[in-house]
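Peer 1: Given next are the chains, with one letter for each unit.
Protein chains: 2
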Amino acid sequence: GQGSVALVGAGPGDPELLTLKAVRVLQSADVVLYDDLVAPAVLDVARREARKMLVGKTGYKPSCKQDDINALMVSLARQGKRVVRLKGGDPMVFGRAGEEITAARDAGLPVEVVPGITAAQGAASRLAVSLTHRDHARRLQFVTAHARDGKLPRDIDWTALADPAATTVVYMPQRTWAELAERAVAAGLDPATPAIAVFSATRPEERQVPATVATLAGALHQAVAEGATGPCLILFGHAIGEAAAFAGELEQH
Amino acid sequence: GQGSVALVGAGPGDPELLTLKAVRVLQSADVVLYDDLVAPAVLDVARREARKMLVGKTGYKPSCKQDDINALMVSLARQGKRVVRLKGGDPMVFGRAGEEITAARDAGLPVEVVPGITAAQGAASRLAVSLTHRDHARRLQFVTAHARDGKLPRDIDWTALADPAATTVVYMPQRTWAELAERAVAAGLDPATPAIAVFSATRPEERQVPATVATLAGALHQAVAEGATGPCLILFGHAIGEAAAFAGELEQH
Chain A
241 GQGSVALVGA GPGDPELLTL KAVRVLQSAD VVLYDDLVAP AVLDVARREA RKMLVGKTGY
301 KPSCKQDDIN ALMVSLARQG KRVVRLKGGD PMVFGRAGEE ITAARDAGLP VEVVPGITAA
361 QGAASRLAVS LTHRDHARRL QFVTAHARDG KLPRDIDWTA LADPAATTVV YMPQRTWAEL
421 AERAVAAGLD PATPAIAVFS ATRPEERQVP ATVATLAGAL HQAVAEGATG PCLILFGHAI
481 GEAAAFAGEL EQH
Chain B
241 GQGSVALVGA GPGDPELLTL KAVRVLQSAD VVLYDDLVAP AVLDVARREA RKMLVGKTGY
301 KPSCKQDDIN ALMVSLARQG KRVVRLKGGD PMVFGRAGEE ITAARDAGLP VEVVPGITAA
361 QGAASRLAVS LTHRDHARRL QFVTAHARDG KLPRDIDWTA LADPAATTVV YMPQRTWAEL
421 AERAVAAGLD PATPAIAVFS ATRPEERQVP ATVATLAGAL HQAVAEGATG PCLILFGHAI
481 GEAAAFAGEL EQH
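Chains as they are written, first to last, in full-length UniProt numbering: chain A, 241 to 493; chain B, 241 to 493.
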């Protein structure tokens, strides 16, 4: 039969946060090319007979080059395989899906995208905090703090980040958060704005680090020293102050 | 037994985009309070014996007041019912979840949140377009074009919307899009920026209306006249120009 490519969102980690469609597609896969941010419990959902290959490409670790991933994906699909490209969170949100869709299309292969719960949504559900709470937030924005060279992206819109009526979610914040916070404050962000780091959102090892924009860099450092691990996300804005973690009434579900 | 409240994301419409957790919670519900934007096919997933009550509160139609929904939800849970508050998309993204979480907490009830695929993600998967395509977008932002009074919110950050390196998703755009586009262009947004309206994303009646920021108001008007129906979402930004709809090579899955 003809091969195909499906980009599938693995969600933030809890395998129960996979969509029914993701499960169906994973269970009919011949090959699963997965990122190092995909939780092992999610990978277990894939068809047992499927070949599973770690291709990395997210997180801070060394990984395959994007061109190599594209070439492997296309080559396997051309051999008639049903190839699933499994990505942490949602492929369409900081998932490098653009390059892979283009590569598959250029090769004349059918491409399907299955959305996933992105890390921000996983964290918000665990914090039980509305990212667009009517009293606090008119705009929700996602940014990455990690450019191709591993540094802070050069063209961040600092005014947009300083807006007191926005909720901001920072993906891949760990190496550059201190600088990002400093520059956002310089652009007018109130340093007392509630900010929280969430490690391994929705996984058993989840850890929440509530602080403020001004104090989170230190709190983050300490949490890592104390063993906080896994994918990290930072959320800030006045809506985040509604999170249970700040009220000291955090319930574990 | 003790009652409980679960806020559950119904996703954009395709019932296969429910998470496994949403299905589990829906199948153990005693009562489901649902919005008018929840697709009937999603509601069918709920436990057959569950009482299903339309409480509205999304879309443009008249609906129950938020205070009445909160009171009903708390009252049912206090009677020992497992109450599911089922919301289109993700409860934490323009879902009024904040008020309901507070009401349940204030009543001493256990609250759980199950995230859902939000409309922007459903639309992006169908358009096969990365919302954060590396060549085009550094920031992804969600705004609502519909304030409490039905008009454009007064405190929109127009500079943030005019940023050429952002992808913007406008929820509830239909009544106010023309004004929003005009003001964003006045703030510096290139009127030739690709923009697309998606009606009923991921549903059988889905309709995509590709245009530009300048021409979408007219195209939208025409699409509605031609029968486009259901929840509408507008996406704009240079990343959106990568959508298959613009290349005239749209495939239906």
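In short, the hints are calculated from the structure, not lab data.
Note that the Cβ used here is the ideal one computed from N, Cα and C, for glycine as well.
Treat the hints with care, since some could be wrong.
Unchecked claim - Residues from chain B that face chain A, not an exhaustive set, calculated with beta carbons under 8 Å:
no.: 1; residue: Leu258
no.: 2; residue: Val333
no.: 3; residue: Gly335
no.: 4; residue: Leu380
no.: 5; residue: Ala485
Stated by the list, open to error - Which residues of chain A face chain B? A partial, calculated answer using Cβ under 8 Å:
no.: 6; residue: Leu260
no.: 7; residue: Asp270
no.: 8; residue: Met332
no.: 9; residue: Ile341
no.: 10; residue: Pro355
no.: 11; residue: Thr372
no.: 12; residue: Phe382
no.: 13; residue: Gln414
no.: 14; residue: Glu419
no.: 15; residue: Asp430
no.: 16; residue: His478
Peer 1: Taking the earlier hints as the rules, which of them does this structure contradict?
Peer 2: 5, 7, 13, 14, 15, 16
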